[in-house]
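Q: Residue numbers (numbering that gives the first Met the number 0), protein chains in the order written: chain V, 0 to 219; chain X, 0 to 331.
For the record, the hints were derived by calculation from the structure and aren't laboratory data.
These numbers were taken from a predicted model, which means no experiment stands behind them.
Don't take each hint at face value.
[Unchecked claim] Facing chain V, from chain X, some residues (calculated, C-beta under 10 angstroms):
| id | residue |
| --- | --- |
| 1 | 29 |
| 2 | 31 |
| 3 | 33 |
| 4 | 36 |
| 5 | 44 |
| 6 | 48 |
| 7 | 232 |
| 8 | 235 |
| 9 | 238 |
| 10 | 239 |
| 11 | 242 |
| 12 | 326 |
| 13 | 329 |
| 14 | 330 |
| 15 | 331 |
Ideal Cβ placement from N, Cα and C applies to all residues, glycine included.
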Amino acid sequence: MIRFDQVSKRYPNGHQGLDRLDFHIRAGEMVFITGHSGAGKSTLLKLIMCMERPTSGAVHVGGQNLQDLSSDDIPYLRRQVGVVFQNHQLLFDRTVFDNVALPLIINGTPADEVGRRVRAALDKVGLLSKEASYPIALSGGEQQRVGIARAVVHKPALLLADEPTGNLDPALSAEIMGLFEDFNRVGVTVLIASHDLPLIAKLDHRMLTLDQGRLITDGE
Amino acid sequence: MAAAKRNTETKRKAPKGAARSERNWRHPLRSWLGSHRASARQALRQVGRYPFSSALTVLVMTIALALPMGLSVLINQVEQLGVNWQEAAQISVYLKDDVNAERQQEQLAAIKTLAGVAAAQLLDKELALAEFQQHSGMGDALLQLSYNPLPSVIVVTPASIDGGAAALEPLRDRLAAIDGVDQVQIDLLWVERLASILAMLERFTGGLGLLLIIALLLVMANTIRLAIESRREEILVVKLVGGTDAFVRRPFLYIGVLYGLLAGVLAWLLLAAGLAWLNVTVQQVASLYQSDFALIGMPWRDGLTLVFGAMLLGLVGAWLAVGQHVRAIEPS
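All chains should be built: construct the whole structure from the sequences, respecting the hints.
A: This is the structure in C-alpha cells:
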C-alpha cells in the first residue's frame, strides 16, 4: 500500500527532515509511526499526501509512484486517502454535518447519498445526535471524532492520522485509538503518527520509530 | 481494499480523473450539477455573510456601469435626433427671376434625375412669400412691399451628407450648371458641427467607459481577493481532502457573476429612473424649440446588454483574482 525507497527530505534551510527512509506497509495493516517531536513523523505523512515532495528517493502509494503525479493529479490521490489532523482542521462556520460531507461534496456524490453516508460516518463515531451542531459547541474529543468521521466518510482505502490524540486525556485517547482499530478491522490501512508511547505500547501493532529523520526500528 | 487496488491500477493507465470513484462515472451530469449547486450556495452564503461590504461593492460597480452606459444611451438618442436633422439638411437652388412656371417644372424634373438627389421640391416665389410671412414674424412689414422680393427655390434633399459639404461639391456644380439656376447654397455647417460634437462625446464616453470598466475589474478582483483571504483556512482544508483548484475557484467565480448580476440590474433601474427624471426637463427644453423630441427611456436591449455585460465583467474580474490567489494557497 505504501512503499518508501531511500526517501530523503532536506529543507531549503538545510534541516534534514528525513534521511534515506526504507519501509513497506501492506494493505490492511495498522502501523504507528513514533519518535520525538521533530523526528520527521509529520514530514513522512506529508510526503504520502503529496503536500511535500521528497528531495530524493521514491514514495509509492497504492502502486503509484508519487513522482509521476502532476499537480493536477494530486487532488485525486488525496480523495483516496482519509486524513485526521491533531488540530482537527474543521470549518467552524459550518455544521458538523457539512464538515463531514465535505469530501463527498468535493467528489460530486449525489445529495441523497451524501446524507446517508454522512449519517453512517457520524453514527460510527457516536455523534449522530450532533449533526446540526457547530464544531465550536463540541468538546475536544468530539471535535476529533468529527475529524475522523470526515476522514472516513468517503471510504478511503488508506487512513492517515497525525497526533490524533495529541490534546486528549488518556481515556479519550484510548477511545479514539479504538475507533481506528475498528476501521482497520474492516480492511482500511491505517497509519498513525503519535508520540504517546504508553498508549501505543498497550496496542499490539507494528511500530516504525524515527529519530532525527532516520528509521531506527521497522517493527517487522 | 480490492476496489482501491482497481482504482490505482486504472490510475496508472490514465492518470487524470481515473481515480474518481466509479459511482460518479455513472452520474457525471448529476454530480457536476450538484457540485455547481453547492458552489452557488456557497457564493450566496459568502455574499450574505458580509452584507455591508457586499452592498458597497455592488454599489461601486453599479455606478461604474451606470455612468458610461447612461452617457452612451443619451448620445444614441441625441444622434437619433441628429438623423432627423440630417434628413432635413437641404440644398437650396435659387432660380433666376425670369424663369417661367413651365420652365421651373422642367428644371425640377431635371434635378430629380440627378445622382445623389433623394428628393426635390419646388417652392415658387408666391409660396415662399406666404411661408416667410407666416414664420418670420415680419408679415406686416412684407405686406408694405409692392413686389415679392423672394426668388423661386427648388429645395433639394441630398441622398447622403456623409463626408460633409465637400462631398456635395460635385452635386452643387451639376445643379449650378442647370440653365436658369441663379445660385446654389449648401448649408451643412450646423449638421457638421452637431456630428463632430457627437463624435467627440462618443469618444469621451468610450474612453470613460474603458476606464470605468478597468476600475470595475479591479474592484471585483480586489473584492474576490479579500474573499479568498477570508476563506484561507477553508481552502486549505478543501485542498487537503482532495478539492481541485477548479472546485476551489468555482464559488468565487459565482460570487463575481452574482455581484455583476446585482450591479447590472441596479444600474438598469438607476438609468431607467434617471432618464425618466431627465426627460421632464428635456421635453420642456424641446418644446421651447418647437420640437416634440423626448428621450425614449432605457431600451430593453441596452438594459439586457448591461446586465449580461456586468455578469461577464464580474466573472472576468473574479477570474483575475482567483487565478492568482487560489493556486498560491497550498497546504504545507
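Q: Confirm or reject each hint.
A: So, going through the hints one by one against the coordinates:
1. 29: At about 6 angstroms, which falls below the 10 angstroms cut-off, the nearest Cβ of chain V leaves the hint on residue 29 of chain X intact, so it holds.
2. 31: holds, 7 angstroms
3. 33: holds, 6 angstroms
4. 36: holds, 8 angstroms
5. 44: holds, 9 angstroms
6. 48: At 8 angstroms from the nearest chain V Cβ, residue 48 of chain X passes the 10 angstroms test, so the hint holds.
7. 232: Interface hint status for residue 232 of chain X: holds (7 angstroms vs cutoff 10 angstroms).
8. 235: holds, 7 angstroms
9. 238: holds, 7 angstroms
10. 239: holds, 6 angstroms
11. 242: holds, 5 angstroms
12. 326: holds, 9 angstroms
13. 329: This interface hint holds because 8 angstroms falls under the 10 angstroms limit.
14. 330: holds, 5 angstroms
15. 331: It holds, given that the least Cβ distance between residue 331 of chain X and chain V is near 6 angstroms, below 10 angstroms.
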